[in-house]
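Chain by chain, the residues run as shown.
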Amino acid sequence: MGQALLLQNGRIIDPANGIDTQGDLLVAGGLVAGIFPGGAPAAQVAGAEVVDATGKWIVPGLIDMHVHLREPGDEHKETIATGTRAAAAGGFTAVACMPNTRPVNDSEAVTAFILAKAQEGSARVYPVGAISREMRGEALAPLGELRRAGVVAVTDDGRPVGNSQLMRRAMEYGANHELLVISHAEEMSLSENGVMNEGPLATRLGLRGIPHIAEEIMVYRDLALACYTGRPVHIAHVSTREAVDLIRRAKAQGCRVTAETAPHYFSLTEAAVDRYNTRAKMNPPLRTAADVAAIRQGLADGTLDAIATDHAPHSELEKEVEFDLAANGIVGLESSLPLGLVLVREGLITPARLVELMSTNPARILGVAGGTLSPGAAADVTVIDPEVRFVFSEADLASKSRNSPFLGWEMQGRAVLTLLAGRVTFRR
Amino acid sequence: MAIEQPFSHKHVLSLADLSPADIRLVLQTASSFKEISQRAIKKVPTLRGKTVINLFFEPSTRTRLSFEVAAKRMSADTFNISSSGSSTAKGETLIDTAKNLAAMNPDCIIIRHSRSGSARLLASHINASVINAGDGTHEHPSQGLLDLMTVQERKGRLDGLKVAIIGDITHSRVAHSDIIGFSKMGAEVHVSGPATLIPKGIEELGATVAPSVREAVADADVVMALRIQKERQQDPLFPSLREYATFFGISRAVADLAKPDALIMHPGPINRGVELDPQLADGPRSVILEQVTNGVAVRMALLYLIMGGD
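Just so you know, the protein sequences line up as chains X and Z, in that order. Heads up, the first sequence is in our numbering, so the first residue is 794 and it goes up one at a time. Heads up, the second sequence is in our numbering, so the first residue is 44 and it goes up one at a time.
No lab work stands behind these hints, which were simulated from the structure alone. Computed from a predicted structure; not experimentally measured. Cβ atoms here follow ideal geometry from the backbone N, Cα and C, with glycine treated the same way. Heads up, a few of these hints could be off.
Computed from the model, here is a short list of chain X residues facing chain Z with C-beta under 10 Å [claimed, not checked]:
(1) L1000
(2) G1002
(3) P1004
(4) R1072
(5) E1113
(6) E1115
(7) F1116
(8) D1117
(9) L1118
(10) N1121
(11) R1138
(12) I1142
Distance condition first, Cα-Cα at most 27 Å in a straight line; then the derived BS3-like pairs of lysine-lysine [said to hold, decoys possible]:
(13) K1112/X to K142/Z
(14) K142/Z to K115/Z
(15) K53/Z to K77/Z
(16) K227/Z to K243/Z
(17) K53/Z to K1112/X
Using the sequences provided together with the hints, build the complete structure.
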């Protein structure tokens, strides 16, 4: 558990408890021992290591509910050890890892393997299981056994569930096991072989487009299934304006819908793909300025509940190739918080809303601990310097992979201290 | 030869990268080189000692031969690598291939490849100049330039002409380079074809989408039919070649809607009777073989301009 730690004179932001105050936060025995607005009494903090948090924010440990850790199967891209180190470096204390490993996480054995590996990691790891066996979209994976082994949700992320009946059954059967279904929304017959957003730029580059309707048609289907069955659905990596509108309407109707977007969908447009930049290739693809504006609006007005990175490490082998052949995805753990802070500086969201999007809400959606600084809770805490300016560079990447479109960007604000159950997992 | 301004490009990857002045310079240079091909001794020493590699990952007879003839008439040493005999069949990546070629210190690599952007990828990994001889469904800049040259020769100008391009606009790299090239030079480009083969945003390249083939061709100075690639039929883009020929092929009746002196063009090879009436292809208005002749001159000009005469 280590020595007690006093985070002194920071801005403590804990939206779950309605706290946004200047003060001290005491960590002892791996737990949050207390919040002291205006400063802790000397008697209570005797012997604690004091960390000056003046000018810093003290927030519940960030939670990324959508990452790819690549282990088992693609350890040349990332491992649970390196992926959780990247998480800690980005201010995250927990990540939910997607099941598209090799083998697919469609069994208790794979879930148990991931959890065992995660014991030595630098962040909590919440495995997400597959909806269908081998993610083939044909037969249901053993959802009950997966839940028992420790998965927090199920998805065939990376591939849509094309069969609507199977998706309905997953949502319904999930009720018996309190299992959330996460939707990778993509109508494959419209998107197949596409490599970037469909539109003038794709035409000029001679690249096959993915129309935004490929996402929206499937978002609509999964919202309809959730509304019809009364079961919850979480829409992953929302990238289009119309998808935001559909989610807004489903929420207004009282359906049990949550949704996430990724930093690249509010920070970049398809223009980043120009000159065949494979570091801007992902699925869903980067969209237009109008989509970016709608995503930002959705984050501000509560339509979108979470910022999740879709951290997708790939080696040069998969990225330094012809654009058509390049793998989809970018690393995101180390750049997520600085990009989220842009929204705060622009006045679009408050610091408390950013903490909701990156910690409180992911914990609530996944039904896991964390996301608050309640006294007695495990001391998963992130200290953020919102002012520090830096150029985002390869040295900032703790991931095994380098496939970020943000390298070379001038950024402001990042995590300077990450505590996992009171233990320092990252310190700058 | 008098050159008013330098050609500032190391590579020729896309007509989108060239300015109207660049294009004029290429066309002027090509015109002055055309005479070399008519001499008894069809060779000048301009590029003696230069090494040109033809790196063709897709089958090509005409374009590869045209580049090879162009390089040899300029006295460059040429080497051909085609996909059947190359290391790519053994799983070597494009970049590995590029690095191996770079180690042999060539001056220029001419690449044809099935993937859009492959020429730019090669250029970013090699010191030699790169000419794009067709990359996927992106561009085929030397074909666009030879089409401009052919029309310029016959019409005396490009500015203000109406150019109709008919067919598979989505997958045609020739169409993309032509739309960009003709519109940059002041021509009005109208495209038509099955709506399934007109890509989103083609207007931003400089084309106007005509509601029908007849309207695209009406009063045109140039009518270009594009090759229909038979493999496209797997995708449900149009019902059959017969239906394509009926509704989108350039028949004599359709061609008669154009100006009486309109040029008939085709990037070849032609599916006779599908996209173009055979009598039109061989008729007096057809400039299809002039396109081939000018292809050599344009490629000589490009090789000269990027490798210099030093």
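Hints versus structure:
no.	hint	in the structure
1	L1000	holds (5 Å)
2	G1002	holds (7 Å)
3	P1004	holds (8 Å)
4	R1072	violated (13 Å)
5	E1113	holds (6 Å)
6	E1115	holds (4 Å)
7	F1116	holds (5 Å)
8	D1117	holds (5 Å)
9	L1118	holds (7 Å)
10	N1121	violated (16 Å)
11	R1138	violated (33 Å)
12	I1142	violated (33 Å)
13	K1112/X to K142/Z	holds (17 Å)
14	K142/Z to K115/Z	holds (25 Å)
15	K53/Z to K77/Z	holds (23 Å)
16	K227/Z to K243/Z	holds (20 Å)
17	K53/Z to K1112/X	holds (25 Å)
The structure fails hints 4, 10, 11, 12 (numbered hints given earlier, in ascending order).
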